[in-house]
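These two chains come separately, so use the hints to put the complex back together.
Going down the list, the sequences are from chains A and B. Our numbering numbers the first residue of the first sequence as 1 and each following residue consecutively. Our numbering numbers the first residue of the second sequence as 1001 and each following residue consecutively.
If you are wondering where the hints come from, they were derived from the structure by calculation, not from laboratory data. Hints are not guaranteed to be accurate.
To be verified - Simulated pairs of lysine-lysine, DSS-like, Cα-Cα distance not exceeding 25 Å:
#: 1; chain 1: B; residue 1: Lys1044; chain 2: A; residue 2: Lys98
#: 2; chain 1: B; residue 1: Lys1253; chain 2: A; residue 2: Lys145
#: 3; chain 1: B; residue 1: Lys1201; chain 2: A; residue 2: Lys98
#: 4; chain 1: A; residue 1: Lys81; chain 2: B; residue 2: Lys1023
#: 5; chain 1: A; residue 1: Lys131; chain 2: B; residue 2: Lys1657
#: 6; chain 1: A; residue 1: Lys81; chain 2: B; residue 2: Lys1255
#: 7; chain 1: B; residue 1: Lys1255; chain 2: A; residue 2: Lys145
#: 8; chain 1: B; residue 1: Lys1353; chain 2: B; residue 2: Lys1032
#: 9; chain 1: B; residue 1: Lys1476; chain 2: A; residue 2: Lys131
#: 10; chain 1: B; residue 1: Lys1078; chain 2: B; residue 2: Lys1201
#: 11; chain 1: A; residue 1: Lys38; chain 2: A; residue 2: Lys205
#: 12; chain 1: A; residue 1: Lys144; chain 2: B; residue 2: Lys1255
#: 13; chain 1: A; residue 1: Lys206; chain 2: A; residue 2: Lys81
#: 14; chain 1: B; residue 1: Lys1256; chain 2: A; residue 2: Lys104
#: 15; chain 1: B; residue 1: Lys1023; chain 2: A; residue 2: Lys31
#: 16; chain 1: B; residue 1: Lys1256; chain 2: A; residue 2: Lys131
#: 17; chain 1: B; residue 1: Lys1657; chain 2: A; residue 2: Lys81
#: 18; chain 1: A; residue 1: Lys81; chain 2: B; residue 2: Lys1472
#: 19; chain 1: B; residue 1: Lys1353; chain 2: A; residue 2: Lys81
#: 20; chain 1: A; residue 1: Lys98; chain 2: B; residue 2: Lys1256
#: 21; chain 1: A; residue 1: Lys145; chain 2: A; residue 2: Lys81
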Amino acid sequence: MKRIFLFLFSITTFTLAANAQSAQYTEAMEKQVAAIDKNASSEELTQAGNTFERIAEVEKTQWLPYYYAAYCKVMQALSAKGNTIDALADQAEQHAEKAEALSKNNSEIAVIRSLIATARINVDPMARGRKYGPISSGFLEAAKKYNADNPRIYMLEGQSLYYTPEQFGGSKVRAKEKFELSLKKFSTFRPESSIAPHWGEEYTKKLLSSIGN
Amino acid sequence: MSPKSLYLLCLMVLPILAQAQTKISGKVTDAKKQPLPGVNIYIKGTYDGTTTTADGSYSFSSTAKGEQLLSASLMGYKTLEQTVNLSGAAIVLNINLKETMNELKMVTISAGSFEASDEKKNTILKSLDIVTTGGANADIVAALKTLPGAQQVGDKEGLFVRGGTGYETQTFIDGMMVRNPFYSGMPNFAARGRFSPFLFKGTSFSSGGYSAQYGQGMSSALVLETNDLPTRSSASIGIMTIGANVGLEQLSKDKKSSFTLEADYTNLTPYFKVFKTLQQPTTYPEIAGGSLVYRRKTSKTGMLKAYVYGNWSRFGYQGKSLEYQGDEELFELKNYNIYSNLTYHENLGKGWKINTGISYSTNKDRIHLDTIVKAAEANVRTRSDLSQARVVLTKSLGAFSLLRFGGEYQYAVEKTAYNQYHLDYTDNYGAGFVEADIYFSPKLVGRAGVRAEYTSLMEKTNLAPRVSMSYKLDDKGQVSLAYGEFYQKPEQQYLRSKHDLEYMHATHYIATYERRSTAYTLRTEVFYKKYHDLVKTTPDINSNGTGYAKGAELFWRDKKTIKNADYWISYSFLDTKRDHLNYPYEVQPDFAAKHTASLVYKQYFSKITTNVGLTYSFATGRPYYNPNRPANEFMHDRTKTFNTVGLIANYLTTIGKAFTVFVVSVSNMAGQRQEYGYKYSSDGLRREAIRPMTPSFFFVGMFMSFGIDRRQEVIDNN
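Pulled out of the complex, with its shape left as it was, chain B reads as follows (with noise of 0.2 Å):
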């Protein structure tokens, strides 16, 4: 070999010999030490590296060189990259990962909330756990009146909560206030929500302390979100033993947008014929309705959604006139109803978001009675019109922090008429927030804000600042606090007559403290409220009623334990009293009671597909007024103890290529009597019960659904 051949082996074979490799080793831990196994690290650019073992170590060899970033990842935690000088000489170094800011791990603000909801993570029930409640027959308020700081009350519409009538608990689509969430019903009577809980994929029911882009509800709020774009189109039908109803829901090609038409018609002829009911019905019940929603992805993160309900219904009842012995008391309703909405949302990028939405209702009530003066008959008109906008913009202010404001303005037209005699009024509604939610840490949350109303009908304004925190305890455990303001304009029937009245107003102090695991939540709530300008009637409409409530709360959710089977327990003591309407003085009100539980268990069978769900509800005595009583025993007696028990079975198979489930409800299975109060005739002589129009309700019913998309067939794709 020349000496000119051997430089150039030289040269071919220096390059080898200089991919000397470094050895880098070390462990990798967490913030509390302990070893972090699985960690991917590595040289960036190359293919050197490893995965940490079970003890955290880590040891490998590259042959990059000079100045190199060092990588090390690991889910659940912050990447980490360091620049690292790769000599030849061995480099030991330890590795120290912090957990990123990750919403499970996460505190977040749940001071006096329960939310429902498919799509957040460990929420307290799925939107599913509505439908599967027994006794509660699919209505979304019967079934949150099985948690912690709502009232046992059946005689009236809406959720009673800690103290506060059903008028104030308020209702929000998309963050839109709705006017009239329930089907119109008759005095003592309570109706059923107008919405279907399937129209929603997440439902909010704060029982006190809620966010400042929430008004108008003085003591809680009951936010429902709606569906996004279905998974496929499909079909489907409903065949009850009440009635019927036919869905029709169209995806797009291109899986952007969607149609669906909805029609049912509801009739308890056959059912009232069949079950005796308290009052002789003169028109028998039913409802027809309709509903349309239209849904596009306008982008990856917009989305506009349009809703549009219409509802017709009627009823009549004759009954035995209290106040008139011998006579017979007739009411006959009939109810037109349209509500409909527009949203949109979509990111606007650099961390802004908007939400933004506009909504039209009209709700008209023909009444037609006979009791109020005798002989001659009173017809009854109301209509209501509700017009908002509303448009709320996010700003986030990084790992999770966000500051929130937004405004929305409503047009209200309230008319009624008795007979020739008219009481309307107008109203313009205006309200603006702001509010920022700050994590301080991932353990520690603060959110504060305030929201200003003005209503020009009462030529009012309020100032409502409302504050919260949660702090996290550990893994699962976390307390939180809240204070807040909360006003309301007066009942519409009160504002006709008068219109410079005050807000009602309350103040909340919620103090929380629960653990929480995927089997198990566990919840614990104190809270005080005070509650200022109540209206009263006597001695003329004026905002001087004063009132308070405190109380203790518990909730606890096990689904672990018994398998198969998932159980919920909670139980609400409740101190109240309260000035208002035509009261002498502060006493327990009459929808409130002192002691108020519920059993919810549901158990699943896979062998026969069937979930069965049986609900126990308790409460002890309401106050009524025996006006034989003297003056200083107002409300002093109490009705017999509430119980009830209701059941639910859902059969879930396939028909031909239908998915089917077969549903099979009662109500107050036991028959047990439910009395919610008394009403006594003028001069006292006569008393009646209130209860409900028949003491049970049964429902057997069978929904079909058909995927009408052949490709998307989860099973039957032969």
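Okay, chain A solo, but in the shape it has when bound (with noise of 0.2 Å):
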């Protein structure tokens, strides 16, 4: 009797200690991704990439810390200068990489390596423009193809249209089109989870404000 009820015993904290395993991952990423959601300075943003890239280690099988751990380094390369830009795009780039051994035609990591491309840019626009511009517009294209209902797609092509200058085919008018479609995007966009993708739709908000009528 007695062993019979270990063996069960042992049985339910097997279950249990997995179970908890699952939680910590949940609880830990929910906690991440809040932090990440408000605008999170560049400090924060080490931070929650540091420990996204501690829980990618553990969760070998969960594609989402190294996404979040790309996105954490791409989002700093977008502000950072000179060379270290290049360095953090490297990073992002290797997790980004992982991530998509593990989730193969992913749009929202589709999205991640074309804003890469975009951070490389921004070193020497005028040297790198050539190369990285259509690198990183192939790389919607793909994230099109994958999921042409990712609302971040066309937030970014809207802010490509945005910030580049009329005479090189940039447009305010275009640009509010595509703003205009990721919010409609947005409102039907269900993420899988807390823990899915679901950044942008303040910045879009934001950047189509900015274009007013």
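This is how it looks when you write it as structure tokens:
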């Protein structure tokens, strides 16, 4: 009797431990995602990025920790200057590649890789625009192929039109269309879980409102 | 509650109680004891960890027990892993992280070399700089003449570097020598380089002390690296005042291979009808050419490239004869040129890399002239064929150090005919080299190498040791030293008549100091060069020529001080004398100026998306030979100082769906009279200045590029 009981007991503890593990994952992820959802400073991005890296190393089958680690690095790269941009972009790229190995043909990862190329342009727009511009838009096209309802694709397309001078084909009018399309997609977009990618709506609204009518 | 259930409760609670936490804290610093913020510090295999704060300190707790690995990582530093024993007792652990050997922080071998590249970080020039340099007319060599070490020679092809002739600069494409890098021209008028700067992702101009992998350049090496796969398919069209070009670039669906087809046609008839030329064209200059490039990524690290270039050109001029008063002289030329190469590089694993290639080129000139002997006309036919193969193996010795060795073989056929007289020869040339780059520390690197060469024509071997080292003083500054022996076969025109000449030979000593940041570059270099065994033509062709060159150079580039502007200044002081060709003794040669300086200024006007480049170049007068002077005053006279201002404006826009660049370029804007020297009639009674065919050159062009892969349009993706 005792033996059976102990046996049952050990089984329950094991399952409990397993559940605890995934609860620990979700909880830790939720906390970090919340931290970067608000306008995170570069320091906060470093912290969150480090935490995502730690989680990624433990959860070897989850793509999201790598995805968010890449997100933190590319966001830092976008606001960095000079040579640090490439170093951060390299790190972001490594994380994005690992995420991709775990989740192929993923629209969200393609969006991140597009952003990484955009960040690299900033090092020297005159010399690099011709190379990384098409790479960046190529990833957005891929993202569209994997999931055309991803609102972040249109947000980035709009952003590129918004910041490109008119002489080079930029257009506030067409940027506005893209932002509106993005917001429409946001309104129907349901992230798969509390920790699935869901960023960008506020930013899109902000850029859209700056265009006015 | 029964005792049994109490016991059970204990069992269930115990594991939780047993998860007592261990607190770990401390501080992370670098080698100089400076705090490092942002370090990811954690127990491996757990979530437990934290990020160091601004003062480098950290503190976290872990539920793990027993022997665990603590990891501390930060971008740019070597990740540290250390065993810790987690027992519940607090641990205080201060950690020191070492910087990784990082390309940006590493010292690089830099004596004597200027690189233009988009790939490598921290190069002095970007590829784009070559086409936005005023007055350079998108000619690689013309743009490089604004760098220290190069002379402002406008009457002969090539880069005249540190007291060397244009022949002493050797051009390499993907490691392989190019026999005819310039269009065929006529005496006293320089021709442009054949290859468009847009073909190359990297250009490295070395004014001395370069690697043992390159040979047959006694003064300088111009190393060009061709582009990799394009990022998308595109079509391009260019319309210019002097011609047109079209291009098509197709990237395969799997993005692993690409085809590029290009064709161009240049005709100077309209231009020379409007602007007066020094001599009257009898055949207006015309050039037609095409090229084909195939690239294939054979694996993640492997790349195969094939390049074929074919070109035809002709021109003819008639001018007053200096020798026979009242007579006219004629020079007409037709040229056919083919250049091809096939290269392959791949990582072989275990730190081994291979770079290999084959190349074939042929160049044919048909020259018709009536200047040599009055009444009898002369036909000169020359043809040079060069086939070559090259293999280089590189073995990584860890931490950036490497060993490089390889060999090359060239088979050259040189044919020339003056009317019915022929002077032909063939040469088998073989070379081998071995060289090691050793990083003693991230701050100190040394390179030692040796190159051995043999030519069957001269039946001679040479052995050229080369050594250089660089030491990094701090974040931005570094000093470099270089020594090397450089050998080169005498020019074809002398080898033709006499085979058993010696290799011409130069010994280089170079010392460099440079400071570099993203905003500016300062570079100073002093050098001493000793020439041995130069070709002399008196009393007969021999190898008894001598010479030296010494000097100091300065380069300053600033991209920051003036908003949207970028400028560089270069200055070269050159003290050189040589006794070669028909010189009676060592004198300053006719291609060398004592002081040379350039100011290159570029400004981007973002509102009108226009980039304007202005270049001012200056050189003091060059010696010329006046036969009316006594023998002890050979090369005594000096030309006037050389001044020129060149302008280029690039207006960037889109027309329809095409990215379009409008280019306006003017060389020698102010129309200053340029004299490169004087030539005299053989009786010394008449003379004529050597000047460019037109004092200035205007160029207007429109270049459109269409992305033909709709899915990848940057902007027009509606």
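Now the hints, each set against the structure:
{"no.": "1", "hint": "Lys1044/B with Lys98/A", "in the structure": "18 Å, holds"}
{"no.": "2", "hint": "Lys1253/B with Lys145/A", "in the structure": "15 Å, holds"}
{"no.": "3", "hint": "Lys1201/B with Lys98/A", "in the structure": "29 Å, violated"}
{"no.": "4", "hint": "Lys81/A with Lys1023/B", "in the structure": "37 Å, violated"}
{"no.": "5", "hint": "Lys131/A with Lys1657/B", "in the structure": "17 Å, holds"}
{"no.": "6", "hint": "Lys81/A with Lys1255/B", "in the structure": "31 Å, violated"}
{"no.": "7", "hint": "Lys1255/B with Lys145/A", "in the structure": "17 Å, holds"}
{"no.": "8", "hint": "Lys1353/B with Lys1032/B", "in the structure": "36 Å, violated"}
{"no.": "9", "hint": "Lys1476/B with Lys131/A", "in the structure": "29 Å, violated"}
{"no.": "10", "hint": "Lys1078/B with Lys1201/B", "in the structure": "31 Å, violated"}
{"no.": "11", "hint": "Lys38/A with Lys205/A", "in the structure": "15 Å, holds"}
{"no.": "12", "hint": "Lys144/A with Lys1255/B", "in the structure": "18 Å, holds"}
{"no.": "13", "hint": "Lys206/A with Lys81/A", "in the structure": "24 Å, holds"}
{"no.": "14", "hint": "Lys1256/B with Lys104/A", "in the structure": "20 Å, holds"}
{"no.": "15", "hint": "Lys1023/B with Lys31/A", "in the structure": "22 Å, holds"}
{"no.": "16", "hint": "Lys1256/B with Lys131/A", "in the structure": "16 Å, holds"}
{"no.": "17", "hint": "Lys1657/B with Lys81/A", "in the structure": "31 Å, violated"}
{"no.": "18", "hint": "Lys81/A with Lys1472/B", "in the structure": "24 Å, holds"}
{"no.": "19", "hint": "Lys1353/B with Lys81/A", "in the structure": "34 Å, violated"}
{"no.": "20", "hint": "Lys98/A with Lys1256/B", "in the structure": "22 Å, holds"}
{"no.": "21", "hint": "Lys145/A with Lys81/A", "in the structure": "32 Å, violated"}
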